[in-house]
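**Q** If you want the building blocks of each chain, they are given just below.
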Amino acid sequence: MDALSHLVDGFSVALTLQNLGLALVGCFIGTIIGALPGLGPTNGVAILIPLAFTLGLPATPALILLTSVYYGAMYGGRISSILLNIPGDEPALMTTLDGYPMARKGQAGEALALSGMASFVGSFFATWGLVFLAPLLVKLALLFGPAEYFALYTLAFATLGGIASRNQSKAAIAAALGLGIAMVGVDHQTGVPRFSFNNVYLYDGINFLVAIVGLFAISEVFLFLEHKGEGSGGKIELGRVTAPLAMLKRCWGAMARSTGLGFLAGVLPGAGASLGSFIAYTLEKRISDRDGTFGKGDPRGVAAPEAGNNAAAGGALVPMLALGVPGSGTTAVLLAMLLALNITPGPLLFQSNPDVVWGLIAALFIANFMLLLMNIPLVSLFVRVLLVPPRFLMPAVAMISFVGIYGVSGSTFDLLVMIVFGVLGYILRKLDVPLVPVILGVLLGNEMEKNLRRALTISDGDLSILWGSPLAIGLWTFAIVGFLAPVIVGRYFRPRVADEPLAEGADPD
Amino acid sequence: MSDRVFGIVCVLLAGFFIWQATLIETGFIVDPMGPKAFPIVIGITLAAAAIYPIVKPDPRPDWPAAGRLLEILFAVVVMIAYALALPRFGFVLSTAVASGLLSWRLGTRPAVAAAAGVAIAVGIYVIFHLILGLSLARGPWGF
Chain Z
1 MDALSHLVDG FSVALTLQNL GLALVGCFIG TIIGALPGLG PTNGVAILIP
51 LAFTLGLPAT PALILLTSVY YGAMYGGRIS SILLNIPGDE PALMTTLDGY
101 PMARKGQAGE ALALSGMASF VGSFFATWGL VFLAPLLVKL ALLFGPAEYF
151 ALYTLAFATL GGIASRNQSK AAIAAALGLG IAMVGVDHQT GVPRFSFNNV
201 YLYDGINFLV AIVGLFAISE VFLFLEHKGE GSGGKIELGR VTAPLAMLKR
251 CWGAMARSTG LGFLAGVLPG AGASLGSFIA YTLEKRISDR DGTFGKGDPR
301 GVAAPEAGNN AAAGGALVPM LALGVPGSGT TAVLLAMLLA LNITPGPLLF
351 QSNPDVVWGL IAALFIANFM LLLMNIPLVS LFVRVLLVPP RFLMPAVAMI
401 SFVGIYGVSG STFDLLVMIV FGVLGYILRK LDVPLVPVIL GVLLGNEMEK
451 NLRRALTISD GDLSILWGSP LAIGLWTFAI VGFLAPVIVG RYFRPRVADE
501 PLAEGADPD
Chain X
1 MSDRVFGIVC VLLAGFFIWQ ATLIETGFIV DPMGPKAFPI VIGITLAAAA
51 IYPIVKPDPR PDWPAAGRLL EILFAVVVMI AYALALPRFG FVLSTAVASG
101 LLSWRLGTRP AVAAAAGVAI AVGIYVIFHL ILGLSLARGP WGF
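In order, the protein sequence lines correspond to chains Z and X.
This note's numbering applies: residue 1 is where the first sequence begins, and numbers increase by one.
This note's numbering applies: residue 1 is where the second sequence begins, and numbers increase by one.
Wrong hints could be hidden among the right ones.
[Unchecked claim] Heads up, simulated DMTMM-like pairs for lysine to aspartate or glutamate below, C-alpha to C-alpha not over 20 angstroms straight-line:
no. : chain 1 : residue 1 : chain 2 : residue 2
1   : X       : LYS36     : Z       : ASP432
2   : X       : LYS36     : Z       : ASP462
3   : Z       : LYS139    : Z       : ASP2
4   : Z       : LYS450    : Z       : ASP204
5   : Z       : LYS249    : Z       : ASP289
6   : X       : LYS36     : Z       : ASP291
7   : Z       : LYS228    : X       : GLU71
8   : Z       : LYS228    : X       : ASP62
9   : Z       : LYS249    : Z       : ASP291
10  : X       : LYS36     : Z       : ASP9
11  : Z       : LYS430    : X       : GLU25
12  : X       : LYS56     : Z       : GLU447
By construction, these hints were calculated from the structure, which means they are not laboratory data.
Go ahead and model the full structure; you've got the sequences and the hints to work with.
**A** What follows is the structure, given as C-alpha cells:
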C-alpha cells in the first residue's frame with residue numbers, strides 16, 4: 001500500500017489554493033475545448049502549453065492545469081455530440097450514435113446527465129488504475145538499460161498507428177519525418193552541427209513546441225477554412241438535466257464493462273481515447289443490444305462510449321508517466337510540456353520528483369469531482385458557448401497560438417517555422433498521414449539516438465547488445481507484432497470511425 | 001496520384017537527408033557510432049516506407065476546389081505578414097488586422113469582421129498581457 005501513502009502526500013501538494021484554482025480553470029477551459037467542434041484535447045492542450053510555459057508556472061501546477069484540460073475535454077466532447085450530432089472531439093464520435101437520437105426524442109437533458117455520470121465513473125476508476133498500475137510499471141522500467149530503452153522507443157513508434165491504423169507505411173513515414181526533424185541542430189555527444197545549413201537559428205534544433213502548435217493548431221485553422229460553412233448547428237433544447245435512477249441502474253453494467261475496457265485500451269500503446277470509446281460501444285452493443293435499440297437512442301449506448309473514452313484518457317497517462325512513452329496524441333503533447341520544463345518522465349520521475357507525480361494524480365481526483373459538478377448542474381453554461389460562431393473563434397485560436405509561441409521565443413523566425421509546420425500538418429492530414437508519430441519523433445528522437453549510442457559505446461560497437469537481454473527481446477517481439485498486427489487484424493477490427501469523413505486526419509487522442 | 005507524388009517527394013527527401021548526413025563533419029571526440037549513423041538509418045527508413053504509397057497508393061484525397069485552396073493560401077500569406085509585422089507594429093494593431101482578415105474570409109461581413117478583429121486583439125491583450133503578465137510584441141507605441 002505504498003501507493004496509497006504516496007497518494008496522501010500527493011493530496012497535500014494538490015490541496016493548495018493555487019493548484020485547486022488551476023484545476024478549476026483547467027476543467028473549465030477543457031470542457032469548452034472539448035465541446036467546441038474542431039478543437040479537441042490534442043490541439044487544445046497544444047495551444048495552452050506555450051502559454052503555461054511562458055507564465056512561468058512550476059512543473060506541478062503546469063501539469064495540473066494541462067491534465068485538467070485533458071480530462072475536461074474528454075467530458076466536454078459529448079455535449080455537442082448529443083445536442084448537435086457533431087462530435088466535439090474525436091473520442092466523442094461514438095456518443096453521437098445514441099446521444100443525438102436521445103436528444104431528438106426530447107431526452108437531451110437525460111442524455112447529458114447520464115453521459116456526465118458515465119464520464120465520471122470512467123475517469124474516476126481509471127485514475128485509481130493509474131495509482132496502482134503506474135508504480136508496477138516503474139519497477140519493471142528500473143531494469144531497463146540503454147538497449148532496452150532503444151527497443152522501447154522503437155516499440156512506441158511501431159505500435160503508435162494502433163489497431164485503428166489504415167496504412168502502416170504512412171505511420172512509418174510520419175515517424176521518420178519526426179525523427180529527421182529532431183536531428184536538426186548540434187549533436188549533443190560530439191558537438192558538431194547537423195542539418196543546420198549554417199543557419200544560426202537552426203543550431204539549437206527545432207523547438208518542439210513550435211512544431212506541435214503548428215502541426216495541430218494552425219493546420220486546424222486551414223482545415224476549417226477549407227470546410228467553412230459546412231454543417232450548421234440546429235436548435236438546442238435542453239430539458240431537465242437529471243438522469244432517472246432507473247436509467248442509471250440499467251446502465252450500470254455498461255459503465256463498468258466500458259470502464260475496464262477503456263482503461264486497458266488507454267494503457268496499451270497506440271490506442272487512445274478514440275479507440276477506447278469505439279471498443280466500449282461495439283462490445284456493449286454486442287452484449288446488450290437484444291431488442292435492436294442501439295443507434296435509436298438507447299441510454300446504454302451513451303453511457304458505454306463516454307465511460308470508455310474517459311477511462312482510456314486516464315489509462316493513457318500510465319505509460320506516459322511511468323515509461324516516458326506516450327501512447328496517444330494528447331499524452332504526447334503532455335510529454336512535450338514535461339520536456340519543456342526539463343523533467344524527464346519515466347521511472348526516475350517517480351523516484352526523484354514524487355511530489356510532481358502524486359500531486360498530479362491527486363489533482364486528477366479533485367478535477368474529476370469538479371468536472372462532475374460542471375458537467376451536470378452547470379452544463380447549460382457550456383451549451384451557450386456552442387453558440388459562438390466558429391468564424392470568430394478560429395481567428396482567435398490562431399492568434400492565441402501565435403501569442404504562445406512568441407512568448408516562448410520572441411523570435412519571428414519561430415513564428416515562420418510554425419506556419420511552415422501548419423502547412424505541412426494540413427498536407428499530411430489530407431494525405432491521411434498520422435501526425436502523432438511526427439510529434440513523437442520530434443520529442444523522442446534525440447533521446448532515442450542517445451540510448452542507441454550509449455548502448456553501442458558500452459558494447460564497443462557490437463550491435464548484438466541491442467537484443468542482448470530477455471527484456472529487450474520481449475520488447476522487440478512486441479514491436480514487430482504491434483507493427484504487423486494491424487495489417488492482418490485491421491481488416492476485421494478497424495473502427496468505423498476511421499472511415500467516416502468527420503475523422504479526417506484524425507489521430508488517436 | 002497524390003500518394004505517388006507524396007511517396008516520390010519522401011524518397012527524394014530521404015536521399016537529400018542521407019547525402020547531408022554523410023557531409024556531417026566528425027569532430028575528434030568519436031563514439032563507436034558517431035553522429036552520422038542514426039540519421040542515415042532514419043533516411044533509409046523514410047525511403048523504404050515511402051515505396052509503399054508509390055506502389056500501392058490510397059484513393060485520392062478530396063482536395064479542396066481551387067477557390068478554397070486560394071483561401072488557404074491567403075490565410076498563409078496573412079499569417080506570414082502577421083509574423084513579420086509583429087515586431088514592427090506591435091501586438092494590438094497587427095493582431096486586429098490579421099484576425100479581422102481571417103474572420104472576414106471565414107464569412108463575416110467586413111464591418112463586423114473589423115470589429116471582431118479589434119475585439120480579439122484587445123481581448124487577448126487584456127487577458128494575457130495585463131492580467132497574466134505575458135510579454136507580447138511591443139510596437140512603437142508600447143503595445
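**Q** A separate judgement is required for each hint: does it hold in the structure or not?
**A** Structure-based check of all given hints:
In summary, the hint linking X/LYS36 to Z/ASP432 is not supported, as the alpha carbons are separated by about 31 angstroms, beyond the 20 angstroms threshold. Our distance criterion of 20 angstroms between C-alpha atoms is met by X/LYS36 and Z/ASP462, whose separation comes to about 17 angstroms. Taken as a hint, the Z/LYS139 and Z/ASP2 pair is honoured in the structure, with Cα atoms around 13 angstroms apart against an allowance of 20 angstroms. Between Z/LYS450 and Z/ASP204 the alpha-carbon distance is near 17 angstroms, which keeps this suggested pair within the 20 angstroms criterion.
Taking the CA atoms of Z/LYS249 and Z/ASP289, the gap is about 16 angstroms. The hint holds against a cut of 20 angstroms. For the hint pairing X/LYS36 with Z/ASP291, the CA-to-CA distance comes to about 63 angstroms; that exceeds 20 angstroms, so the pair is violated. With a C-alpha separation of about 10 angstroms, the suggested pair Z/LYS228 and X/GLU71 falls inside the 20 angstroms cut-off, and the hint holds. Taking the CA atoms of Z/LYS228 and X/ASP62, the gap is about 15 angstroms. The hint holds against a cut of 20 angstroms.
Distance check on the hinted pair: Z/LYS249 and Z/ASP291 sit about 18 angstroms apart at the alpha-carbon level, within 20 angstroms; holds. Between the alpha carbons of X/LYS36 and Z/ASP9 the distance comes to roughly 46 angstroms, so the proposed pair goes past 20 angstroms and is violated. The hinted pair formed by Z/LYS430 and X/GLU25 fails the criterion: a straight-line CA distance of about 38 angstroms is larger than 20 angstroms. A distance of roughly 33 angstroms separates the Cα atoms of X/LYS56 and Z/GLU447; the hinted pair therefore is violated under the 20 angstroms criterion.
Checked against the numbered hints above, the structure breaks hints 1, 6, 10, 11, 12 and satisfies the rest.
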